[in-house]
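Participant: As a plain string of letters, each chain reads:
There are 2 protein chains.
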Amino acid sequence: MSGDQGLLKRINRMAIVRHVKASPGLERGNLAELTGLADSTVSVLVRELIDEGWLRADTSSGNRGAGRRPQVLTIDTTRLALLGAEVGVDYIAVAACNIQGEILFTRMVDYRHEGVERSVRDTSALVAEARAQMVADERLPLGVGVGLPGMVALDGTLRLAPNVGWRDVAMTPLLAEALRESGCGELPVFVLNDANAGALSEHVFGGPDATRSLVFLSSGQGIGAGIILDSGPHLGSEGLAGEVGHGIIEPGGLRCSCGRQGCVETRVSQRAISRMVTEHDEPVLSVEELGSRLERGDEAVARALRAAGVHLGLMVHNLLVAVDPAVVVLGGPLSRLGLLVDTALETVRRLAGDSPYHHGAVRTSRFGVNAGVVGAAASVLDHLLHPFAREAAAAR
Amino acid sequence: MSGDQGLLKRINRMAIVRHVKASPGLERGNLAELTGLADSTVSVLVRELIDEGWLRADTSSGNRGAGRRPQVLTIDTTRLALLGAEVGVDYIAVAACNIQGEILFTRMVDYRHEGVERSVRDTSALVAEARAQMVADERLPLGVGVGLPGMVALDGTLRLAPNVGWRDVAMTPLLAEALRESGCGELPVFVLNDANAGALSEHVFGGPDATRSLVFLSSGQGIGAGIILDSGPHLGSEGLAGEVGHGIIEPGGLRCSCGRQGCVETRVSQRAISRMVTEHDEPVLSVEELGSRLERGDEAVARALRAAGVHLGLMVHNLLVAVDPAVVVLGGPLSRLGLLVDTALETVRRLAGDSPYHHGAVRTSRFGVNAGVVGAAASVLDHLLHPFAREAAAAR
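Going down the list, the protein sequences come from chains X and H. Mapping of the first sequence onto the working numbering: residues 1 to 396, in sequence order. Mapping of the second sequence onto the working numbering: residues 1001 to 1396, in sequence order.
By construction, these hints were calculated from the structure, which means they are not laboratory data. Beta carbons: idealized from backbone N, C-alpha and C, even for Gly. Treat the hints with caution; some may be incorrect.
[As the list claims (entries may be wrong)] The calculated lysine to any residue pairs, modelled on SDA-like cross-linking and capped at a C-alpha distance of 25 Å, are:
1. X:9 x H:1011
2. X:9 x H:1009
3. X:9 x H:1021
4. H:1009 x X:383
5. H:1021 x H:1122
6. X:21 x H:1349
7. X:9 x X:140
8. X:9 x H:1026
9. X:9 x X:53
10. H:1009 x X:78
11. X:9 x H:1035
12. X:9 x H:1100
13. X:21 x X:110
14. H:1009 x X:53
15. H:1009 x X:21
16. H:1009 x H:1026
17. X:9 x H:1008
18. X:21 x X:345
19. X:21 x X:38
[Stated by the list, open to error] Short, incomplete list of chain H residues facing chain X, as computed with Cβ under 10 Å:
20. 1015
21. 1070
22. 1074
23. 1075
24. 1103
25. 1107
26. 1109
27. 1156
28. 1239
29. 1242
30. 1244
31. 1250
32. 1254
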């Protein structure tokens, strides 16, 4: 089969999976109409997809007259698996889920990064653990997505991860080799920025509000955005879109770790909040610490979270007017602090007023702390479901 | 012919035009390869496109052996016309150009808007003048694009034009009727926001740097962005993307006409600059006035333009980090003031430093004062060249 025919077949197969995912219960005849493919082609491809664990066919319970009852198709959640890993600033997390986003395995370890090779090796060992569990459960792992705390260029190079000090690392081959050495064989690997992973958790596995366009804001040590537009990730001309934490919200304001003044991160990040609480640059208080101090009635923490919440709200407003996404999702560790989130939502409402400038909805992440790993796993499915987009990107 | 077949044919015809536009000098055989269409289909469609004035065929001057010399195809610039109109805050402009963006006719009148109906009538009368000229020159006008100084929803409703006081006007039928009454018959009409028009002037007729992704910043009475991503206009979930003038750059800052505080427009707009010069809200100095005062050595104007330039540069930086477009284009009346533009460019360079956050190019508009009308005309071609995108948007 020539390369073109192979691609065409993959496009048609995945179009069928996308249709069944969007509308469970379709019959083969519906798929022929929806895809424009011949009935016989649909039958062959559906048969393959059932054999490979993507779809299942059940006899409809409905009765439509005297004829044979038709088979309805749904996504098979029992035989395939997606693996995700998240290289956090001070942790590594892995997860496995089925192709509907139901979590089957998670593991998270606190971690202090040194050289990138060691972190890659330890991440791969954790991925191997998740993979082994899936294989033991008789599931086929389709690949692994790896979320990174920094800027990932279109070719998979980690351009800069400021909070762990890595720069210009070709992550994909490094991970592929470490995965082989961990016994994962030729597991396909996809690297992406952590905020883009968060965005994919919502886009691939989230509700219908997140399918067309959304901005996922991941706030924690830093703050970044994952952007989905026109039903796909918007990565930017070099893959660096979404670095909103280094947009300037306060000209001449506080000095940022990036060297500029007045970046959003100087107001919305664990370091910014800690500095407001302690009046010192160090230590950076953990989200757990901030949460428990708040529960104990610590007024300094409450003030700091309200101030950060106002700035988070301003940034959400700025994204709504500039990008006009259907929804903005607040995620990342800081989004677990209700006072911060509530203040941000209130700020957005106040700024919206009765103006027609935007009507975008704002809400918190559906997957909470797991958004990063689940989204990394989702990236594997997103790549497989859009083979053409992938070939096009590779050809650029 | 069924609707589906008609759409398919339009898609194939326009694919051919797009290929010839991108690579003048193609032969029929190249088009068959590029489109995947049969040689006979290509021949039929090319014949039609030549008959209708889209393409011209010339015998190649090259000699490739003993055989018949092949015909090379180029865009025919002599027989079709695109019309554009721009409803400015204090003027109406119209233009006609050929399908390569070469301007054939322009007309601009100072104008004081009152009711929207009168403005639509007067705009239509000017369009009729441009159309009559094209007909006299034996060109077929394909349609008219109309740029509006406000927010245009996906269905063509003008949601709000703050500087002329219009709100919730269904512009398309209003314009269509006025054009009929002006003797234009059933001229297809497309309405769009003025900054989006500017973006299309670059995207459709500009250089190769503007084909994939760009942000066009139009600054004058207000400031707005037209965004092109993944080779098409990014309009947002409701059509309201690009309202960057009402993003907040200075929390708690100056009061904006929209009621909020610290919007970009309070720092970068004719009103903001005039206020810095005169220390009064009125009058708003024209760009010509600002330019001639600057030439006469007016230090207050120089200071005001430098201050506005810094804020314009900050906004460009924020767009670069958030969206990562291939290029940001500075347009609108204020972009004629060199000191403002130079200060903005210097600010962007300073903020970029040696960081990998963005490498987007920044430059001024290719069409200068005509970007709005030329872009409005370009929108007609953009709609025709992408029939599928248009059907899909209409079906939403």
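Participant: Now tell me if each hint is right for this structure.
Facilitator: Hints, one by one, checked against the model:
no. : hint            : result
1   : X:9 x H:1011    : 22 Å, holds
2   : X:9 x H:1009    : 24 Å, holds
3   : X:9 x H:1021    : 31 Å, violated
4   : H:1009 x X:383  : 31 Å, violated
5   : H:1021 x H:1122 : 34 Å, violated
6   : X:21 x H:1349   : 46 Å, violated
7   : X:9 x X:140     : 21 Å, holds
8   : X:9 x H:1026    : 30 Å, violated
9   : X:9 x X:53      : 17 Å, holds
10  : H:1009 x X:78   : 43 Å, violated
11  : X:9 x H:1035    : 18 Å, holds
12  : X:9 x H:1100    : 38 Å, violated
13  : X:21 x X:110    : 35 Å, violated
14  : H:1009 x X:53   : 38 Å, violated
15  : H:1009 x X:21   : 31 Å, violated
16  : H:1009 x H:1026 : 20 Å, holds
17  : X:9 x H:1008    : 21 Å, holds
18  : X:21 x X:345    : 32 Å, violated
19  : X:21 x X:38     : 20 Å, holds
20  : 1015            : 16 Å, violated
21  : 1070            : 25 Å, violated
22  : 1074            : 27 Å, violated
23  : 1075            : 25 Å, violated
24  : 1103            : 29 Å, violated
25  : 1107            : 32 Å, violated
26  : 1109            : 29 Å, violated
27  : 1156            : 15 Å, violated
28  : 1239            : 7 Å, holds
29  : 1242            : 7 Å, holds
30  : 1244            : 5 Å, holds
31  : 1250            : 7 Å, holds
32  : 1254            : 13 Å, violated
In the structure shown, a violation is registered for the earlier hints numbered 3, 4, 5, 6, 8, 10, 12, 13, 14, 15, 18, 20, 21, 22, 23, 24, 25, 26, 27, 32, in ascending order.
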